[in-house]
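Please build the complex by placing chain P on the supplied structure of chain W, with the hints as guidance.
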Amino acid sequence: MGSSSSSLNNVPDGQQLMQETGFSAAHLLRLYERFKFLDKDNRGHLRSEDFEAVPELSENPIGDRIVGAFFLPGQETVDFSSFVRVLAHFRPTEKNRTRAGAQPDPANSRNRKLKFAFRLYDQDRDGKISRIELLQVLREMLGMQVTEEQLQSIADRAIQEADLDKDDAISFDEFRKSLEKVNIDHKMSIRFLE
Amino acid sequence: MDRFALAAIWTKNGVICMTFLLFLCCTTGICEPNEPTPTDSTNLETAILLPDDPEDPQAYPEEEKVSNLPVFTMDYTRIQIPFEFTLWILLASFSKIGFHVYQKITIWIPESCLLIGIGLIVGGIMHSVKEEPPAVLTSNVFFLYMLPPIVLDSGYFMPTRPFFENVGTVVWYAVVGTLWNSIGIGLSLFAICQFEVFDLQNINLQENLLFATIISAVDPVAALNVFDDVGVNEQIHIVIFGEGLFNDAVTVVLYSMFAFLADMPAIDSVDVFLGVARFFVVGVGGVLLGLLFGFVAAFTSRFTNKVREIEPLFVFMYSYLAYLVAELFAISSIMAIITCAITMKYYVEENVSQRSCTTIRHVVKMLATVSETLIFFFLGVVTITTEHEWNWAYILFTLLFAFLWRGLGILVLTQIVNPFRTIQFTVKDQFGLAYGGLRGAICFALAFTLGENINRKNLFVTASIALILFTVFVQGISIRPIVEYIKIRRTNKDLNTINVEIHTRTMEHLICGVEDLCGQWGHYYWKDKFKKFNDRILRRILLRDTRSESSIVSLYKKLELQNAIELLDTTMGDISAAPSVVSLQDELMEASRPKKKFLTGDIRKMHDILSKNMYKIRQRTTAFRGKNTLQDNNHAREILMRRHASIRRSLHGQSFREQPVQNVSKSLKYYSLQPGGNLDSAFPLRRRSRGIPEEDHLQTFGASPRSSSRSLIPMTTLKTIKEQGSSGAPSSPSVHPLEPSSGEHHLDEGFSGQSLRGRKAPVATPRRRSSNRDDEDEDNGFSENQAAGAEQPPPPQGWVPEVRDPGANEAGNPLLRQSAHGSQRSWRT
Numbered sequence: 011m012g013s014s015s016s017s018l019n020n021v022p023d024g025q026q027l028m029q030e031t032g033f034s035a036a037h038l039l040r041l042y043e044r045f046k047f048l049d050k051d052n053r054g055h056l057r058s059e060d061f062e063a064v065p066e067l068s069e070n071p072i073g074d075r076i077v078g079a080f081f082l083p084g085q086e087t088v089d090f091s092s093f094v095r096v097l098a099h100f101r102p103t104e105k106n107r108t109r110a111g112a113q114p115d116p117a118n119s120r121n122r123k124l125k126f127a128f129r130l131y132d133q134d135r136d137g138k139i140s141r142i143e144l145l146q147v148l149r150e151m152l153g154m155q156v157t158e159e160q161l162q163s164i165a166d167r168a169i170q171e172a173d174l175d176k177d178d179a180i181s182f183d184e185f186r187k188s189l190e191k192v193n194i195d196h197k198m199s200i201r202f203l204e
Numbered sequence: 005m006d007r008f009a010l011a012a013i014w015t016k017n018g019v020i021c022m023t024f025l026l027f028l029c030c031t032t033g034i035c036e037p038n039e040p041t042p043t044d045s046t047n048l049e050t051a052i053l054l055p056d057d058p059e060d061p062q063a064y065p066e067e068e069k070v071s072n073l074p075v076f077t078m079d080y081t082r083i084q085i086p087f088e089f090t091l092w093i094l095l096a097s098f099s100k101i102g103f104h105v106y107q108k109i110t111i112w113i114p115e116s117c118l119l120i121g122i123g124l125i126v127g128g129i130m131h132s133v134k135e136e137p138p139a140v141l142t143s144n145v146f147f148l149y150m151l152p153p154i155v156l157d158s159g160y161f162m163p164t165r166p167f168f169e170n171v172g173t174v175v176w177y178a179v180v181g182t183l184w185n186s187i188g189i190g191l192s193l194f195a196i197c198q199f200e201v202f203d204l205q206n207i208n209l210q211e212n213l214l215f216a217t218i219i220s221a222v223d224p225v226a227a228l229n230v231f232d233d234v235g236v237n238e239q240i241h242i243v244i245f246g247e248g249l250f251n252d253a254v255t256v257v258l259y260s261m262f263a264f265l266a267d268m269p270a271i272d273s274v275d276v277f278l279g280v281a282r283f284f285v286v287g288v289g290g291v292l293l294g295l296l297f298g299f300v301a302a303f304t305s306r307f308t309n310k311v312r313e314i315e316p317l318f319v320f321m322y323s324y325l326a327y328l329v330a331e332l333f334a335i336s337s338i339m340a341i342i343t344c345a346i347t348m349k350y351y352v353e354e355n356v357s358q359r360s361c362t363t364i365r366h367v368v369k370m371l372a373t374v375s376e377t378l379i380f381f382f383l384g385v386v387t388i389t390t391e392h393e394w395n396w397a398y399i400l401f402t403l404l405f406a407f408l409w410r411g412l413g414i415l416v417l418t419q420i421v422n423p424f425r426t427i428q429f430t431v432k433d434q435f436g437l438a439y440g441g442l443r444g445a446i447c448f449a450l451a452f453t454l455g456e457n458i459n460r461k462n463l464f465v466t467a468s469i470a471l472i473l474f475t476v477f478v479q480g481i482s483i484r485p486i487v488e489y490i491k492i493r494r495t496n497k498d499l500n501t502i503n504v505e506i507h508t509r510t511m512e513h514l515i516c517g518v519e520d521l522c523g524q525w526g527h528y529y530w531k532d533k534f535k536k537f538n539d540r541i542l543r544r545i546l547l548r549d550t551r552s553e554s555s556i557v558s559l560y561k562k563l564e565l566q567n568a569i570e571l572l573d574t575t576m577g578d579i580s581a582a583p584s585v586v587s588l589q590d591e592l593m594e595a596s597r598p599k600k601k602f603l604t605g606d607i608r609k610m611h612d613i614l615s616k617n618m619y620k621i622r623q624r625t626t627a628f629r630g631k632n633t634l635q636d637n638n639h640a641r642e643i644l645m646r647r648h649a650s651i652r653r654s655l656h657g658q659s660f661r662e663q664p665v666q667n668v669s670k671s672l673k674y675y676s677l678q679p680g681g682n683l684d685s686a687f688p689l690r691r692r693s694r695g696i697p698e699e700d701h702l703q704t705f706g707a708s709p710r711s712s713s714r715s716l717i718p719m720t721t722l723k724t725i726k727e728q729g730s731s732g733a734p735s736s737p738s739v740h741p742l743e744p745s746s747g748e749h750h751l752d753e754g755f756s757g758q759s760l761r762g763r764k765a766p767v768a769t770p771r772r773r774s775s776n777r778d779d780e781d782e783d784n785g786f787s788e789n790q791a792a793g794a795e796q797p798p799p800p801q802g803w804v805p806e807v808r809d810p811g812a813n814e815a816g817n818p819l820l821r822q823s824a825h826g827s828q829r830s831w832r833t
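Here the protein sequences come in this chain order: W and P.
Positions 11 to 204 (this note's numbering) are the ones given, in order, by the first sequence.
Positions 5 to 833 (this note's numbering) are the ones given, in order, by the second sequence.
It should be emphasised that the hints constitute simulated quantities derived from the structure, not laboratory data.
Please note that the accuracy of each hint is not assured.
Unchecked claim - Ranges between beta-carbon positions, derived for each pair: (1) Ser-482/P / Glu-190/W: 29 to 35 Å; (2) Ser-34/W / Leu-400/P: 44 to 50 Å; (3) Lys-536/P / Glu-158/W: 22 to 28 Å; (4) His-55/W / Val-276/P: 54 to 60 Å; (5) Ser-482/P / Ile-142/W: 51 to 57 Å; (6) Thr-430/P / Lys-187/W: 23 to 29 Å; (7) Gly-523/P / Gly-153/W: 23 to 29 Å; (8) Ile-545/P / Arg-120/W: 41 to 47 Å; (9) Glu-488/P / Ser-34/W: 48 to 54 Å; (10) Leu-191/P / Glu-69/W: 37 to 43 Å; (11) Leu-278/P / Glu-69/W: 44 to 50 Å; (12) Ser-92/W / Asn-538/P: 35 to 41 Å.
Claimed, not checked - Straight-line Cα separation of at most 30 Å, DSSO-like style, residue types lysine-lysine; simulated pairs: (13) Lys-369/P / Lys-562/P; (14) Lys-531/P / Lys-125/W; (15) Lys-369/P / Lys-50/W.
To be verified - Just a few of them, taken from the derived set where beta-carbon distance is under 7 Å, the chain P residues facing chain W: (16) Ile-129; (17) Gln-198; (18) Asn-206; (19) Leu-209; (20) Gly-289; (21) Thr-426; (22) Ile-502; (23) Asn-503; (24) Val-504; (25) Met-511; (26) His-513; (27) Val-518; (28) Glu-519; (29) Gly-523; (30) Val-557; (31) Tyr-560.
Quick reminder that beta carbons are idealized off the backbone N, C-alpha and C, glycines included.
Chain W with its partners taken away, still in its complex shape:
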């Protein structure tokens, strides 16, 4: 751990990323190793094919959405900074400690985590989860188990439960409200290895 700062120099924008995302040097290093592993052709950035090469991810029902979340709108490649920035959402929230120079709204705050999850549903970025979008996610997750009518009913019920302003879609606030009792930090955190 002591000498990691020197090898951190290999990591592009290492110091800045550390500050921005709150990852420790060891974490960053490991993520960089992983990045390089995924980047088979040594391009310095990842394309969607590289993501799809991860076997379990392709089996994941919402795998393509997850992959899509890494790519900024309009971009076709993911460089290391974006990679890390996205992964920063999944750090466990620290309650008591505040790092020097920590961002006012760190990536792993509850709000940001929820926003990330929200964007998984809301592919067209209009700020609402419409019925159709919800149906798509449900279809991906429930797949072969249910009929179309069942899906519709479930989606109906979900929207009815959450939709407070009756616009037949779930806005981010409604989304957040419906999850207010859930321990998001627990559900959306990964313990990153060092």
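Same frame as chain W, now just chain P:
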């Protein structure tokens, strides 16, 4: 007024209790000279037989003396044992009732304290009357009869998801924590014993360690009794729960090891290694045995669909077998039975009928409650009546060290384990964990079973009782205010919405994906792997119907079903055959109850209109309630229809409804008079006999709902009356589901989540689901069978929703898509 009533009940209960006490004391006193007090349950049978023999020879000579036939005889000794047993249980249960009369008591004082208190009182009475308590609290009785139900209950209702997420922590605390406690307390007490002043010289190290093992085991029963009331957060709950259950493995090993060693003058280092090896045998062996029995039980339940009545038996027998076999090999029986219960539950609940499922849950709870009550009760009784040896120093230091070492242990262990946890334990949590380490009956029973070769056995017994009483009373009572004061995170109940379920699942997939991306193996990786294994292999073997169902779908079905059942429940209050899922969800029901008032009118309206169709649902629910599933249900149906009629007649109908009520009731009666009649023939008959006026009534009937502001979906009423003859029975079953749904739709005010605009309500499913699987045959019979009289009202004289789409109807019950099998499964999420 309330206070008087309360006081009256309280004193009445008190009177009953006192009467029982006196009766018990008297009977034990009277029968004392007649036969030896049973020392062991194994003696029970011989004891029961005993009275017979002395009786017979006496009877003969007596006959010679008394020439007349005795009109009234009494033979108490014959029934003594079961009788006293029952009385004790009743007494304990009465006290339980009594506690709840005064709500405030149970808030501040946990039930375990109250039970021990009552036990103390009874013990005091018995002692003053110089009676021996029934020697039931022997080791065998406790470990073989009283403990298994409690542990089975804990295992069966263990929340598996949080448990498996925390399994590492739980095992860590259980194993290492108990070891730490035992050795720490043992060594400290040994150090104390060295002081001559305390007169404890003759307790050697092994005995101290043995004693320390006994008292270091945290007892889940007592702790959870307290924690459940307080409602601490899930993490603490599951850790204490798990710890209390799993430290049995360690306790068993240490206990046998130290007991063995206590005989020996010196400890061999080999023995320590053997001890460690033994620990693994005990722990892992228990788990494996439990798994084995669990799978066998699950497999058996696959084939029990023809013998529904004895299905619950398998659950109990297999888990008890697991326990006993583990006891046979002296491996951890508690772990065996818990593992068995956890494994079994998942598969068995999918295989058995709904009724069996309810029965199992109910009986498990009942047995556990009885057992627990008795244990605490006897603890109190025996406290007074055993021989005690009191040694101030030893006992005080025991209390001190127990407290100290537990606190230290939790602190140190948490520091080590926290970095590995996603949700870390705060200092407050740790305090809760440490303070919640109550000791209970296991500790006491273990002390009681100490061999006689331990020379200070009475001291140990006294010390352990003192510790138990201290922890249960002092810590148990004070933990609630302390928890509230320091604001430990409380639990979030009520997370039962579809949204939460969906989003949680999405997040799980997300985390799984990100973990894969990062190349890490986290929790979800293993969960996923297990799920795949489960789906591919285990479910195929162990389940009868292997279609798996996402938790989202299950939850959705469950919620819809609850709403539907609530709806039905409001109308027919006396036929409230709500399935277990609903009855176990009492909070939901309670919450919706106040809404019933303003819904009754609508519901009654719906009820009137849908009378003939609704009673098909009624039939189902009645059959569900029937005593014997294999009985012919026509009888029940007939009665139901008549009752249906009479009930509705007794409803305060509004004016325009009274005639239809009578009409319908007459027609119902008419139906029941024609059990063998063909439906089509029956119906035209009725119409012909009543003629047009009935049609008019029916028409107005149809019209009124439409005009009423809170009406159901506007119906195409009149036309279909004429279509009557042609439209046959077959489409009716599909129509029925729609009716209740439409009713539901407009009763939206009361229910929050009912967008059944698709008329494809799964409300039909209550009809299906509430039926026992045995009624499946009826299901099939329904479409065709017209001989069983009045089963098949044709599409009700036009109360058909506008979109009358027979094609969609069949497919349109999304949850009827599957067979009854499939729909049945969904309750038990």
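Here is what the structure says about each hint:
Between Ser-482/P and Glu-190/W the beta carbon distance is about 32 Å. The supplied range of 29 to 35 Å therefore holds. The supplied range of 44 to 50 Å is met by Ser-34/W and Leu-400/P, whose beta-carbon atoms lie about 49 Å from each other. The supplied range of 22 to 28 Å is met by Lys-536/P and Glu-158/W, whose beta-carbon atoms lie about 26 Å from each other. For His-55/W paired with Val-276/P, a C-beta distance near 58 Å keeps the hint of 54 to 60 Å intact.
At about 56 Å, the beta-carbon gap between Ser-482/P and Ile-142/W stays in the expected band of 51 to 57 Å. In this structure, Thr-430/P and Lys-187/W meet the distance hint of 23 to 29 Å, their C-beta atoms being roughly 26 Å apart. Between Gly-523/P and Gly-153/W the CB atoms are about 26 Å apart, so this pair conforms to the stated range of 23 to 29 Å. At about 43 Å, the CB distance of Ile-545/P to Arg-120/W agrees with the hint of 41 to 47 Å.
The supplied range of 48 to 54 Å is broken by Glu-488/P and Ser-34/W, whose beta-carbon atoms lie about 38 Å from each other. For the pair Leu-191/P and Glu-69/W, the supplied restraint of 37 to 43 Å is violated, since their beta-carbon distance comes to about 54 Å. Separated by about 47 Å at the C-beta atoms, Leu-278/P and Glu-69/W satisfy the suggested range of 44 to 50 Å. A hinted range of 35 to 41 Å holds for the C-beta pair Ser-92/W and Asn-538/P, which are about 37 Å apart.
Restraint check for Lys-369/P and Lys-562/P: satisfied, since their Cα atoms lie roughly 22 Å apart, inside the 30 Å limit. Between the alpha carbons of Lys-531/P and Lys-125/W the distance comes to roughly 25 Å, so the proposed pair stays at or under 30 Å and holds. Restraint check for Lys-369/P and Lys-50/W: the C-alpha separation of about 58 Å exceeds 30 Å, so the hint is violated. Of the supplied interface hints, the one on Ile-129/P is violated, with its beta-carbon coming no nearer than about 49 Å to a beta-carbon of chain W, more than 7 Å.
Because the beta carbon of Gln-198/P sits about 44 Å from the nearest beta carbon in chain W, more than 7 Å, this interface hint is broken. Interface restraint check for Asn-206/P: the shortest CB-CB distance to chain W comes to about 52 Å, outside 7 Å, so the restraint is violated. Hint status for Leu-209/P: violated, given a least beta-carbon distance of 42 Å to chain W, over 7 Å. Interface restraint check for Gly-289/P: the shortest CB-CB distance to chain W comes to about 32 Å, outside 7 Å, so the restraint is violated.
Because the closest C-beta pair between Thr-426/P and chain W is about 5 Å apart, less than 7 Å, the hint holds. With a cut of 7 Å, the hint placing Ile-502/P at the interface with chain W holds, because the nearest CB-to-CB distance is about 5 Å. Of the supplied interface hints, the one on Asn-503/P holds, with its beta-carbon coming within about 4 Å of a beta-carbon of chain W, less than 7 Å. A hinted interface residue such as Val-504/P counts as satisfied when its beta carbon comes closer than 7 Å to some beta carbon of chain W; here the least separation is about 6 Å, so the hint holds.
With a least beta-carbon distance of about 5 Å to chain W, the hint placing Met-511/P at the interface is held under the 7 Å criterion. Contact between His-513/P and chain W, as hinted, is supported at the beta carbon level, the nearest pair being about 5 Å apart and thus within 7 Å. Using the Cβ-Cβ criterion of 7 Å, the hint placing Val-518/P at the interface with chain W is satisfied: the shortest such distance is roughly 6 Å. Satisfaction of the interface hint for Glu-519/P is found here, the shortest Cβ-Cβ separation to chain W being roughly 6 Å, below the 7 Å cut-off.
Annotation: interface hint on Gly-523/P holds; nearest CB of chain W at approximately 5 Å, less than 7 Å. Interface hint status for Val-557/P: upheld, as the beta-carbon distance to the closest one in chain W is roughly 6 Å, under 7 Å. The interface hint given for Tyr-560/P holds, since its Cβ lies 5 Å from the closest Cβ of chain W, which is under the 7 Å cut-off.
When the structure is compared with the earlier hints, violations turn up for hints 9, 10, 15, 16, 17, 18, 19 and 20 and for no others.
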